[in-house]
Amino acid sequence: MQAAHALPSELTIYTVSEFYPQCLNWVNERTTDEVDESAVLCLDAQGVSDVDAAGVQLLLSMSNSLEKVNRQLLLSNPSQALSDACHAMGATCLMGATDVEVLKS
Amino acid sequence: MSEANADDDIVNEMLPAFIEEANEQIEALEQLLLELEAAPDDRKLLDTLFRCAHTVKGSAGVFGLDRVVSFTHHVEALLDRLREGFVSLSPALSTLLLQSNDVIRTLVNNALDDQYQVPEELVLRLKQATQAGSSAKESPVEAVAQNQATVLPAPTDERRWKISVNFGVDTFRHGIDPLTLLNYVRALGSMSDVVCETQQVPSLDAFEAENCYLNVEFCLHTKATLDDIEQAFKFAREDCELSITALDDNTQNIEASTDAASASGESPLPITSGDAGAVAVATQKPQRQRAAGPASGGSDEGGFIRVQADRLDEVINLLGELVIAGAGASMLARQTQQRTLVEANQQVARLIEGIRNSTLKLRMVPIGDTFARFRRVVRDTATELGKDVMLEIKGGETELDKAMIERIADPLMHLVRNALDHGLETPEQRSAAGKCAQGKLTLSACHEGGNVLIRIIDDGRGVQRDKVLQRAWDRGLVDQGVVPPETEILNLIFAPGFSTAEKVTNLSGRGVGMDVVRSNVEALRGTVSISSNAGQGSCIEIRLPLTLAIIDGFLVGVGPSKFILPLESVVEVIANRTSQTTVDEHGRSCVELRGQVLPVVNLRTLYALDSPQPELSSVVVVRSGMRHYGLMVDTLLGQHQTVIKPLGMLLRSLRGVSGSSILGTGEVALIFDTTSLGQLVVQPRVVTSQTKRSEGSMSPIVNSHL
Numbered sequence: 001m002q003a004a005h006a007l008p009s010e011l012t013i014y015t016v017s018e019f020y021p022q023c024l025n026w027v028n029e030r031t032t033d034e035v036d037e038s039a040v041l042c043l044d045a046q047g048v049s050d051v052d053a054a055g056v057q058l059l060l061s062m063s064n065s066l067e068k069v070n071r072q073l074l075l076s077n078p079s080q081a082l083s084d085a086c087h088a089m090g091a092t093c094l095m096g097a098t099d100v101e102v103l104k105s
Numbered sequence: 001m002s003e004a005n006a007d008d009d010i011v012n013e014m015l016p017a018f019i020e021e022a023n024e025q026i027e028a029l030e031q032l033l034l035e036l037e038a039a040p041d042d043r044k045l046l047d048t049l050f051r052c053a054h055t056v057k058g059s060a061g062v063f064g065l066d067r068v069v070s071f072t073h074h075v076e077a078l079l080d081r082l083r084e085g086f087v088s089l090s091p092a093l094s095t096l097l098l099q100s101n102d103v104i105r106t107l108v109n110n111a112l113d114d115q116y117q118v119p120e121e122l123v124l125r126l127k128q129a130t131q132a133g134s135s136a137k138e139s140p141v142e143a144v145a146q147n148q149a150t151v152l153p154a155p156t157d158e159r160r161w162k163i164s165v166n167f168g169v170d171t172f173r174h175g176i177d178p179l180t181l182l183n184y185v186r187a188l189g190s191m192s193d194v195v196c197e198t199q200q201v202p203s204l205d206a207f208e209a210e211n212c213y214l215n216v217e218f219c220l221h222t223k224a225t226l227d228d229i230e231q232a233f234k235f236a237r238e239d240c241e242l243s244i245t246a247l248d249d250n251t252q253n254i255e256a257s258t259d260a261a262s263a264s265g266e267s268p269l270p271i272t273s274g275d276a277g278a279v280a281v282a283t284q285k286p287q288r289q290r291a292a293g294p295a296s297g298g299s300d301e302g303g304f305i306r307v308q309a310d311r312l313d314e315v316i317n318l319l320g321e322l323v324i325a326g327a328g329a330s331m332l333a334r335q336t337q338q339r340t341l342v343e344a345n346q347q348v349a350r351l352i353e354g355i356r357n358s359t360l361k362l363r364m365v366p367i368g369d370t371f372a373r374f375r376r377v378v379r380d381t382a383t384e385l386g387k388d389v390m391l392e393i394k395g396g397e398t399e400l401d402k403a404m405i406e407r408i409a410d411p412l413m414h415l416v417r418n419a420l421d422h423g424l425e426t427p428e429q430r431s432a433a434g435k436c437a438q439g440k441l442t443l444s445a446c447h448e449g450g451n452v453l454i455r456i457i458d459d460g461r462g463v464q465r466d467k468v469l470q471r472a473w474d475r476g477l478v479d480q481g482v483v484p485p486e487t488e489i490l491n492l493i494f495a496p497g498f499s500t501a502e503k504v505t506n507l508s509g510r511g512v513g514m515d516v517v518r519s520n521v522e523a524l525r526g527t528v529s530i531s532s533n534a535g536q537g538s539c540i541e542i543r544l545p546l547t548l549a550i551i552d553g554f555l556v557g558v559g560p561s562k563f564i565l566p567l568e569s570v571v572e573v574i575a576n577r578t579s580q581t582t583v584d585e586h587g588r589s590c591v592e593l594r595g596q597v598l599p600v601v602n603l604r605t606l607y608a609l610d611s612p613q614p615e616l617s618s619v620v621v622v623r624s625g626m627r628h629y630g631l632m633v634d635t636l637l638g639q640h641q642t643v644i645k646p647l648g649m650l651l652r653s654l655r656g657v658s659g660s661s662i663l664g665t666g667e668v669a670l671i672f673d674t675t676s677l678g679q680l681v682v683q684p685r686v687v688t689s690q691t692k693r694s695e696g697s698m699s700p701i702v703n704s705h706l
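First to last, the sequence lines map onto chains W and X.
If you read the first sequence in this note's numbering, its first letter stands for residue 1, the second for the next number, and so on.
If you read the second sequence in this note's numbering, its first letter stands for residue 1, the second for the next number, and so on.
Treat the hints as calculated values from the structure; they're not laboratory data.
Treat the numbers as computed from the prediction; the structure is a model and nothing was measured.
Built from N, CA and C at the ideal position, the CB exists for glycine as well.
Check before you lean on any hint, since a few could be wrong.
[As the list claims (entries may be wrong)] Chain W regions said to be covered by chain X (calculated; three or more residues, Cβ under 8 Å): (1) 16-27; (2) 54-64; (3) 75-89.
Could you put together the complete structure from these sequences and hints?
Okay, here's the thing in structure tokens:
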């Protein structure tokens, strides 16, 4: 699936406030769109190099917003940093995985 | 954006404090590691070591210094294996830990510099050492532990914990990143079933980007105790509700943990039965946990406050002015001859003196911390040189001005290295010389006559006078064939460009050290001297004034000139005696004091003061080291709080004087340096009939023989 938009390289407490209005726009775009194909908001996540809990939380909020209107958030090609952060926080739903990886130190 | 900047500012503001505190922990780690070498099985030491490493790791985690966290984790893992008896401390392991501590120090000090690479080889060695402990599971310690397992499981047994963390709404604003915290907790063991309650996160319309809505639950499989796990959340206590539940049906085990928690000062934890044998051991509100803080021990909980040194300096400068102004007011009060005014001024003077003493004490720190730093130097240097050296520290509690301690550390370091390199011999050489194979280096400090006396004593080969002399001849420091007196030969070591090392090592022997040591010590108004017995060792003595700011002085007058002696060096006073003195066979002036001959300096002659000698004068008996000598003065003006001001360029070469002070009248008084003045007493030839007298002024006596 073609990603509609790309996530910024930094998704941290320092950037979430700035990025939030953008997220709102993207979600609103999808919610008002009636076309079936747009039931999924696909974001290109390969460029995320710096992410913290605040960043993951914002993605969770986006995901919850979309779920409310039967839409879905899909992160395509998530970077290692983002994937690690989501797994570490138990936010694996963002990765589209149902199994929880056992993380060892 | 502005909030992000504010957070950045907070981190930048807090980082220096973190670095300073982490460095203290790292310093403590080093000392503990060195102590551990002498007592490898000391459980208390091992526990403290582990705690220090853990604290560094924890605070680095809060600042997101991942490299520090991950490297310290390896060290911590190894320390844990040591603590549990799976690994025993060998010299090689001790070196590995010390090197690792150095890396932690570098990482902390370069916290913001991504360029510094952690040596992979060191990480590998740490892992190997830790794994070596793991593979030795069948060690006797473990066997015993397993036998006891039915009664009380060994604390090393891995257990499963269910942990639920409910982060507060302001978590992010307080600089806590739950992700970093979780990664940190993961380091305690293995984490599984991590579930974030995603439904707690509101949808975007009700979402505040900087609020935290995260609740995370996970299972932790770890050897860590309940205490350890709680410690991991130490830095987020105010920002989260924490619930830790043991997934274990061994209730005895749980009770043991609970007891441990109670012992650490917490109130008893609720124990309730749960499903499938799960027993809840801890469900605590943040406030409860905070109360448990002091028991778990940070290094800065002893009622100390940190004060910036320059603020203290400002107080001391003002105090100096207050002392001078106070002395002026007292003098004016005396002139009015009003008793009540004089008494009121005396009361003020007493209070000023009290404030002065208390304020100066604020700057005093024990020298022991500086001495302790040399343990590592001695250990590493001796190993490098193939020598066996024991370091003895005496009088570490002796206090010295902080500024002074900072500036004396480098000269001391050089002297210690010098003693290790040149003074102490290899075990073979020592055995051949009939000495104990282990060399001894002693660092001692004590107060003596208003000075601090630091000694660096070694029992090595001593200074080889013939080599020193030969080198002095070769270098042209002494005319060929001329043999100076014994003490002067030794003092040649402090001459610029002097080195007797046959081969230049990377430790010392470049000949740039000893003269720099002397100039550094002299810059602190101190002196350095050496004594040595061939084959038995050397002793270097450094004498330093207690403080660079204010002293108790004894004011004397010679004609219109005023001088101040440090009060500690004044032994007694012979008042109003005849000004006549006898001259001994060396041409020195002497007086008789209770049947003993006391050499006397006539200040009028010494400094060519132009005022007539009165018929009667007083002799102040002064102590300098082991010697006593007298100073002939006209008037005794009594005790005087003296604010030391540096000498101007013109008077800096004046021998016997260390500083100046402003009196209450606005007059300037010179402060005597009793040690160098004492040298003038025993070397009367410096003052000769050729000494130029300049009309109406003092002529600086040129330091011709140095």
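Review point. So which of the earlier hints does this model not fit?
Key: none
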